[in-house]
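Full structure from sequences and hints, please.
In case you want the letters, here they are:
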Amino acid sequence: MEVSWETSVTDSINTIYLLFSAYLVFVMQLGFAMLCAGSVRAKNAMNIMLTNVVDAVVGSISYYLFGFAFAFGDSNPFIGTYYFALKDIPSSSYDYSYFLYQWAFAIAVAGITSGSIAERTQFSAYLIFSFFLTGFVYPIVAHWMWSSSGWLSPSATSPFLGSGAIDFAGSGVVHLVGGVAGLWGSLIEGPRVGRFDAFGKAVPMRGHNATLVVLGTFLLWFGWFGFNPGSFDKILVSYPTTSDQGNWTGVGRTAVTTTLAGSTAGIVTLFGRRLLVGHWDALDVCNGVIGGFVAITSGCSVVEPWAAIVCGFVAAWVLIGLNIVALRLQFDDPLEATQLHGGCGAWGLIFTGLFAKEDFVVQAYDSGASGVSRPYGLLMGGGWGLIASQVVEVVVIVGWVSATMGPLFYALYKLKILRISMDEEMAGMDISSHGGYAYTGHSDENHPRFYADYMQIRGQ
Amino acid sequence: MASATSPLTCSASDLAPLLGATANATAAAAFLCSRFTAISDRFVDTSYAVDNTYLLFSAYLVFAMQLGFAMLCAGSVRAKNTMNIMLTNVLDAAAGGISYYLFGYAFAFGSPSNGFIGKHFFGLKEFPSPLADYSFFLYQWAFAIAAAGITSGSIAERTQFVAYLIYSSFLTGFVYPIVSHWFWSGDGWASPARTSGPLLFSSGAIDFAGSGVVHMVGGIAGLWGALIEGPRIGRFDRSGRSVALRGHSASLVVLGSFLLWFGWYGFNPGSFLTILKAYGTGGDYYGQWSAVGRTAVTTTLAGCTAALTTLFSKRLLVGHWTVTDVCNGLLGGFAAITSGCSVVEPWAAMVCGFVAAWVLIGCNKLAERFKYDDPLEAAQLHGGCGAWGLLFTGLFARGGYVDEVYGGHGRPHGLFMGGGGRLLAAQIVQILVIAGWVTATMGPLFYWLHKMKLLRISGEDEMHGMDLTRHGGFAYAYTDEDDQSLRAGVMMRKVEPASASPIGQPQFSPSAV
Numbered sequence: 001m002e003v004s005w006e007t008s009v010t011d012s013i014n015t016i017y018l019l020f021s022a023y024l025v026f027v028m029q030l031g032f033a034m035l036c037a038g039s040v041r042a043k044n045a046m047n048i049m050l051t052n053v054v055d056a057v058v059g060s061i062s063y064y065l066f067g068f069a070f071a072f073g074d075s076n077p078f079i080g081t082y083y084f085a086l087k088d089i090p091s092s093s094y095d096y097s098y099f100l101y102q103w104a105f106a107i108a109v110a111g112i113t114s115g116s117i118a119e120r121t122q123f124s125a126y127l128i129f130s131f132f133l134t135g136f137v138y139p140i141v142a143h144w145m146w147s148s149s150g151w152l153s154p155s156a157t158s159p160f161l162g163s164g165a166i167d168f169a170g171s172g173v174v175h176l177v178g179g180v181a182g183l184w185g186s187l188i189e190g191p192r193v194g195r196f197d198a199f200g201k202a203v204p205m206r207g208h209n210a211t212l213v214v215l216g217t218f219l220l221w222f223g224w225f226g227f228n229p230g231s232f233d234k235i236l237v238s239y240p241t242t243s244d245q246g247n248w249t250g251v252g253r254t255a256v257t258t259t260l261a262g263s264t265a266g267i268v269t270l271f272g273r274r275l276l277v278g279h280w281d282a283l284d285v286c287n288g289v290i291g292g293f294v295a296i297t298s299g300c301s302v303v304e305p306w307a308a309i310v311c312g313f314v315a316a317w318v319l320i321g322l323n324i325v326a327l328r329l330q331f332d333d334p335l336e337a338t339q340l341h342g343g344c345g346a347w348g349l350i351f352t353g354l355f356a357k358e359d360f361v362v363q364a365y366d367s368g369a370s371g372v373s374r375p376y377g378l379l380m381g382g383g384w385g386l387i388a389s390q391v392v393e394v395v396v397i398v399g400w401v402s403a404t405m406g407p408l409f410y411a412l413y414k415l416k417i418l419r420i421s422m423d424e425e426m427a428g429m430d431i432s433s434h435g436g437y438a439y440t441g442h443s444d445e446n447h448p449r450f451y452a453d454y455m456q457i458r459g460q
Numbered sequence: 001m002a003s004a005t006s007p008l009t010c011s012a013s014d015l016a017p018l019l020g021a022t023a024n025a026t027a028a029a030a031f032l033c034s035r036f037t038a039i040s041d042r043f044v045d046t047s048y049a050v051d052n053t054y055l056l057f058s059a060y061l062v063f064a065m066q067l068g069f070a071m072l073c074a075g076s077v078r079a080k081n082t083m084n085i086m087l088t089n090v091l092d093a094a095a096g097g098i099s100y101y102l103f104g105y106a107f108a109f110g111s112p113s114n115g116f117i118g119k120h121f122f123g124l125k126e127f128p129s130p131l132a133d134y135s136f137f138l139y140q141w142a143f144a145i146a147a148a149g150i151t152s153g154s155i156a157e158r159t160q161f162v163a164y165l166i167y168s169s170f171l172t173g174f175v176y177p178i179v180s181h182w183f184w185s186g187d188g189w190a191s192p193a194r195t196s197g198p199l200l201f202s203s204g205a206i207d208f209a210g211s212g213v214v215h216m217v218g219g220i221a222g223l224w225g226a227l228i229e230g231p232r233i234g235r236f237d238r239s240g241r242s243v244a245l246r247g248h249s250a251s252l253v254v255l256g257s258f259l260l261w262f263g264w265y266g267f268n269p270g271s272f273l274t275i276l277k278a279y280g281t282g283g284d285y286y287g288q289w290s291a292v293g294r295t296a297v298t299t300t301l302a303g304c305t306a307a308l309t310t311l312f313s314k315r316l317l318v319g320h321w322t323v324t325d326v327c328n329g330l331l332g333g334f335a336a337i338t339s340g341c342s343v344v345e346p347w348a349a350m351v352c353g354f355v356a357a358w359v360l361i362g363c364n365k366l367a368e369r370f371k372y373d374d375p376l377e378a379a380q381l382h383g384g385c386g387a388w389g390l391l392f393t394g395l396f397a398r399g400g401y402v403d404e405v406y407g408g409h410g411r412p413h414g415l416f417m418g419g420g421g422r423l424l425a426a427q428i429v430q431i432l433v434i435a436g437w438v439t440a441t442m443g444p445l446f447y448w449l450h451k452m453k454l455l456r457i458s459g460e461d462e463m464h465g466m467d468l469t470r471h472g473g474f475a476y477a478y479t480d481e482d483d484q485s486l487r488a489g490v491m492m493r494k495v496e497p498a499s500a501s502p503i504g505q506p507q508f509s510p511s512a513v
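If you read the sequences in order, they're chains S and L. For the first sequence, counting from 1, position 38 maps to 38 in full-length UniProt numbering; every step adds exactly one. For the second sequence, counting from 1, position 104 maps to 104 in full-length UniProt numbering; every step adds exactly one.
Misleading hints may appear alongside valid ones.
[To be verified] Derived Cβ-Cβ restraints for the label pairs, each shown as a range:
{"#": "1", "chain 1": "L", "residue 1": "ILE233", "chain 2": "S", "residue 2": "SER421", "range": "47 to 53 Å"}
{"#": "2", "chain 1": "S", "residue 1": "VAL372", "chain 2": "L", "residue 2": "PRO112", "range": "32 to 38 Å"}
{"#": "3", "chain 1": "L", "residue 1": "SER313", "chain 2": "S", "residue 2": "ALA427", "range": "49 to 55 Å"}
{"#": "4", "chain 1": "S", "residue 1": "PRO240", "chain 2": "L", "residue 2": "ALA30", "range": "18 to 24 Å"}
{"#": "5", "chain 1": "L", "residue 1": "THR37", "chain 2": "S", "residue 2": "SER402", "range": "54 to 60 Å"}
[As the list claims (entries may be wrong)] Here are the simulated lysine to aspartate or glutamate pairs, DMTMM-like style, with alpha carbons at most 25 Å apart:
{"#": "6", "chain 1": "L", "residue 1": "LYS277", "chain 2": "S", "residue 2": "GLU6"}
{"#": "7", "chain 1": "L", "residue 1": "LYS119", "chain 2": "S", "residue 2": "GLU304"}
{"#": "8", "chain 1": "L", "residue 1": "LYS125", "chain 2": "S", "residue 2": "GLU358"}
{"#": "9", "chain 1": "S", "residue 1": "LYS414", "chain 2": "S", "residue 2": "GLU424"}
{"#": "10", "chain 1": "L", "residue 1": "LYS365", "chain 2": "L", "residue 2": "GLU229"}
{"#": "11", "chain 1": "L", "residue 1": "LYS277", "chain 2": "S", "residue 2": "ASP11"}
{"#": "12", "chain 1": "L", "residue 1": "LYS125", "chain 2": "S", "residue 2": "GLU304"}
{"#": "13", "chain 1": "S", "residue 1": "LYS234", "chain 2": "L", "residue 2": "ASP51"}
{"#": "14", "chain 1": "L", "residue 1": "LYS125", "chain 2": "S", "residue 2": "ASP244"}
{"#": "15", "chain 1": "L", "residue 1": "LYS277", "chain 2": "L", "residue 2": "ASP51"}
{"#": "16", "chain 1": "L", "residue 1": "LYS451", "chain 2": "L", "residue 2": "GLU229"}
{"#": "17", "chain 1": "L", "residue 1": "LYS277", "chain 2": "L", "residue 2": "ASP403"}
{"#": "18", "chain 1": "S", "residue 1": "LYS234", "chain 2": "S", "residue 2": "ASP95"}
{"#": "19", "chain 1": "L", "residue 1": "LYS277", "chain 2": "L", "residue 2": "ASP41"}
{"#": "20", "chain 1": "S", "residue 1": "LYS234", "chain 2": "S", "residue 2": "ASP11"}
{"#": "21", "chain 1": "S", "residue 1": "LYS234", "chain 2": "S", "residue 2": "GLU304"}
{"#": "22", "chain 1": "S", "residue 1": "LYS357", "chain 2": "S", "residue 2": "GLU304"}
{"#": "23", "chain 1": "S", "residue 1": "LYS87", "chain 2": "S", "residue 2": "ASP233"}
{"#": "24", "chain 1": "L", "residue 1": "LYS453", "chain 2": "L", "residue 2": "GLU229"}
{"#": "25", "chain 1": "S", "residue 1": "LYS234", "chain 2": "L", "residue 2": "ASP41"}
{"#": "26", "chain 1": "L", "residue 1": "LYS277", "chain 2": "S", "residue 2": "ASP244"}
{"#": "27", "chain 1": "L", "residue 1": "LYS451", "chain 2": "L", "residue 2": "GLU462"}
{"#": "28", "chain 1": "L", "residue 1": "LYS371", "chain 2": "L", "residue 2": "GLU460"}
{"#": "29", "chain 1": "S", "residue 1": "LYS87", "chain 2": "S", "residue 2": "GLU2"}
{"#": "30", "chain 1": "S", "residue 1": "LYS234", "chain 2": "S", "residue 2": "ASP366"}
{"#": "31", "chain 1": "L", "residue 1": "LYS125", "chain 2": "S", "residue 2": "ASP359"}
{"#": "32", "chain 1": "L", "residue 1": "LYS371", "chain 2": "L", "residue 2": "GLU229"}
{"#": "33", "chain 1": "S", "residue 1": "LYS357", "chain 2": "L", "residue 2": "GLU126"}
{"#": "34", "chain 1": "L", "residue 1": "LYS119", "chain 2": "S", "residue 2": "ASP244"}
{"#": "35", "chain 1": "S", "residue 1": "LYS234", "chain 2": "S", "residue 2": "ASP88"}
[Stated by the list, open to error] One side of the interface only, derived from the structure: several residues of chain S facing chain L at Cβ under 10 Å:
{"#": "36", "residue": "THR10"}
{"#": "37", "residue": "ILE13"}
{"#": "38", "residue": "LEU24"}
{"#": "39", "residue": "THR211"}
{"#": "40", "residue": "SER238"}
Read the hints as simulated data drawn from the structure, not as lab findings. All values reported here derive from a predicted model rather than from experimental measurement. Quick reminder that beta carbons are idealized off the backbone N, C-alpha and C, glycines included.
Given below as structure tokens:
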């Protein structure tokens, strides 16, 4: 049967939109690599950047072979059972562009966890946990939330509590999963040597390059324009109750809510930290901005722009608060990944349960069909169905990831392949495990550094 | 949704007589009309999807320019001020997002209103409207935050952070939106697309993507800030000679320049806002999509010509090949072509770039003569090349392109292209009013900040570097010895770097960013 012109046009446009969104999400790998590199000490830069590259390449293989199948083989509510190695793709439901887009998300998750266990984890442990997280733990959660057969998905035929949990682009599925995995890795490993002194006071361990942190943050911001709006999947869907609106409107609105949440969180963090530590801290602002994005990721498409400002405002305080708690409990996370992705991710899910607007929920999950009603935000008058589902999502994600990644990290620890030795940690992982430093300093003082000196030496 | 002139409209009373006076004629007519209407609706939906995708991705590219400018700024200042300048760039985007959402967009595009200022859509109330969707807001936000970033370059390395927050919000939330209203809104008194009143000189001023609206505004604001503050300590020695205060990383300057170039492909071609539009001129392969492509080409050529011209002229003037000057030349070419990118031929873009390079070199010489210190050459580049770009458009705009882009027939166009002098006159008016408005608003603001002692940092702060004194520590710590927080012993509750000057200034090798 020949493809109709109309279908060709629609599919082409939607594919362009989804593919370019996928490329943007991929740019977030670069952004996260820079953020990580800048946030660790120079002697560990090669290590952390290699873990970021490995996330992408190892995750690609595991996600292709079975991760995507577990996530989107729409058969039973718990786990997918077909599309292994992309068999039968393209199908009427999914094309390659969809796989690539989901792949870009999957490789992001392991990156988050790598931040929590940075500067002290053996590389072989890293390979093992990354493969397992991207290939199994994460896809199962994605299946529950994003597959049309998933038990907690708003797209299921009879959704949980009549609602399903709304996690549009993954505050829970991506960020909370990565954060909780990181929590267990970091707890079981223990803090970096020298992080807490003999009296239990925290010793700040500064990253080696703030420029890379800012560069990474901006690249993540740029990539988030693919992460959130792209999760509509299709842009050419018109809303039947309007004359000129469709997913293109929702997509634009999502880009706006994303921007506002990150901006607000950044500004609040700026002033909050100025009060708490007495100076204007660029690195804290960067983390605050990212925290705002993480939080809005759940409800970006279903809330008004003003609500996104509220989201960002609270996310900043959640992050600041969790960081204080972490210090008090002597929990060391070099990238604050657990506090940021875990904490702000969980807040984002709750936020959606409070502020989702019914019209937007129907647009996102029923293509704006008329006469459809769905549970929506509690504070918007939408009842308890949605917020209860959101809470359930937080609980099951924490439970599932703890039940899988906790024992894995513990097994690696028991086998003595989790943490590096103290000697290696003091020397730095680059020199001990990766063949040498990332940076070479000039030691000879006689070489001229400026043109004027050079001309002087030449006698002119 | 189809217009009256569309061949897809159909009314039952039109069609029924053609089918004869049978009982089914009405039903047949209604049936056919409903099918045509449905097809027409699908076309409309398709063009919305296509156009919004185009505009959104262009907006993302313009946002990437924030990143490019952050890297350019970081590389151009001394290492001891890196955290400060990057924080200002992050905050441009964040604070600009809030102020532009709350009222900036409303002042700029809140139609219907008057020629001077908009008055609808505060906090995006009653939005989207039939005129604009969220993609347009996001695109305009990305432009607004660019303008504030430009100014930060002029006052880098010596400005208090509080002053920074104040001027940035004011510029993005008020000064800039007013200017964009005049030249880009359907109500604006000088807009070439004005629908609610007469066109200025029957032409309107053509500033397609903002040589004036964005670059001149940012540059003139920076000029006043830098003038009122005065030069950095050590920039001009006692005998009045200038001392180069070199930036700390050429790699970052180049990275930033390339990212700005990349983003400019959203900045210039994206200003068409839509791509799915046929012009009805030329063959059926020619439409707005062609003009979009042509704009990307003119942008590229202007930048490249300016960069090459700068390369060779600086080789003549100072005796060697300087990558940082070439990068600035490149950006000057882009700033200049931004005004006329859509309405000139590619060969003309090369002329634009060639002259822009000399304008930048000339403005830099003037700055030195008048002891004006601008760490990023922002006033010279964005102000000077921006102004040249406006004049350039008044000279080289091609009539056919002006008609296509702005609608109409036989509109005034470039003087050298046989279009008369009215467009050039409008361009000159634009230069004057922008210089005047920005001076009248930002000049007094900077002066007031200066009088309140909120503008410039103390001499001591400046010598130690603001990262150390105001931002919690240096940006770079390449060895553990650099990280002062690792000192042995009992740590105090708040850890601030203890030394007065950077200990063991790191040696930066080419492999370090």
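To see whether the hints hold, each was checked on the structure:
1. ILE233/L <-> SER421/S: 47 to 53 Å: 49 Å, holds
2. VAL372/S <-> PRO112/L: 32 to 38 Å: The hint (32 to 38 Å, Cβ to Cβ) holds, given that VAL372/S and PRO112/L are roughly 35 Å apart.
3. SER313/L <-> ALA427/S: 49 to 55 Å: The hinted range 49 to 55 Å holds for SER313/L and ALA427/S, with Cβ atoms some 50 Å apart.
4. PRO240/S <-> ALA30/L: 18 to 24 Å: 20 Å, holds
5. THR37/L <-> SER402/S: 54 to 60 Å: About 56 Å separates the Cβ atoms of THR37/L and SER402/S, which means 54 to 60 Å holds.
6. LYS277/L <-> GLU6/S: 18 Å, holds
7. LYS119/L <-> GLU304/S: Between LYS119/L and GLU304/S the Cα gap is close to 21 Å, so the pair holds against 25 Å.
8. LYS125/L <-> GLU358/S: Status holds; Cα separation ~18 Å.
9. LYS414/S <-> GLU424/S: 19 Å, holds
10. LYS365/L <-> GLU229/L: Measuring from Cα to Cα gives roughly 20 Å; hence the hint holds.
11. LYS277/L <-> ASP11/S: Status holds; Cα separation ~20 Å.
12. LYS125/L <-> GLU304/S: 11 Å, holds
13. LYS234/S <-> ASP51/L: 14 Å, holds
14. LYS125/L <-> ASP244/S: The given pair, whose Cα atoms are some 18 Å apart, holds under the 25 Å limit.
15. LYS277/L <-> ASP51/L: 9 Å, holds
16. LYS451/L <-> GLU229/L: Holds, because 11 Å separates the two Cα atoms, which is no more than 25 Å.
17. LYS277/L <-> ASP403/L: 14 Å, holds
18. LYS234/S <-> ASP95/S: 12 Å, holds
19. LYS277/L <-> ASP41/L: 16 Å, holds
20. LYS234/S <-> ASP11/S: 9 Å, holds
21. LYS234/S <-> GLU304/S: Satisfied, since the Cα-Cα distance of roughly 21 Å is no more than 25 Å.
22. LYS357/S <-> GLU304/S: 7 Å, holds
23. LYS87/S <-> ASP233/S: 21 Å, holds
24. LYS453/L <-> GLU229/L: 10 Å, holds
25. LYS234/S <-> ASP41/L: 18 Å, holds
26. LYS277/L <-> ASP244/S: Answer holds: LYS277/L to ASP244/S is near 17 Å, not above 25 Å.
27. LYS451/L <-> GLU462/L: 19 Å, holds
28. LYS371/L <-> GLU460/L: OK: LYS371/L and GLU460/L at ~22 Å, within 25 Å.
29. LYS87/S <-> GLU2/S: At roughly 23 Å apart (the allowed maximum being 25 Å), GLU2/S and LYS87/S satisfy the hint.
30. LYS234/S <-> ASP366/S: 13 Å, holds
31. LYS125/L <-> ASP359/S: 16 Å, holds
32. LYS371/L <-> GLU229/L: Holds. LYS371/L to GLU229/L sits at ~12 Å (cutoff 25 Å).
33. LYS357/S <-> GLU126/L: 16 Å, holds
34. LYS119/L <-> ASP244/S: 24 Å, holds
35. LYS234/S <-> ASP88/S: Status holds; Cα separation ~21 Å.
36. THR10: Check passed: Cβ of THR10/S comes within 7 Å of chain L, closer than 10 Å.
37. ILE13: 5 Å, holds
38. LEU24: 7 Å, holds
39. THR211: 5 Å, holds
40. SER238: 4 Å, holds
Hint check: no violations occur; every hint is consistent with the structure.
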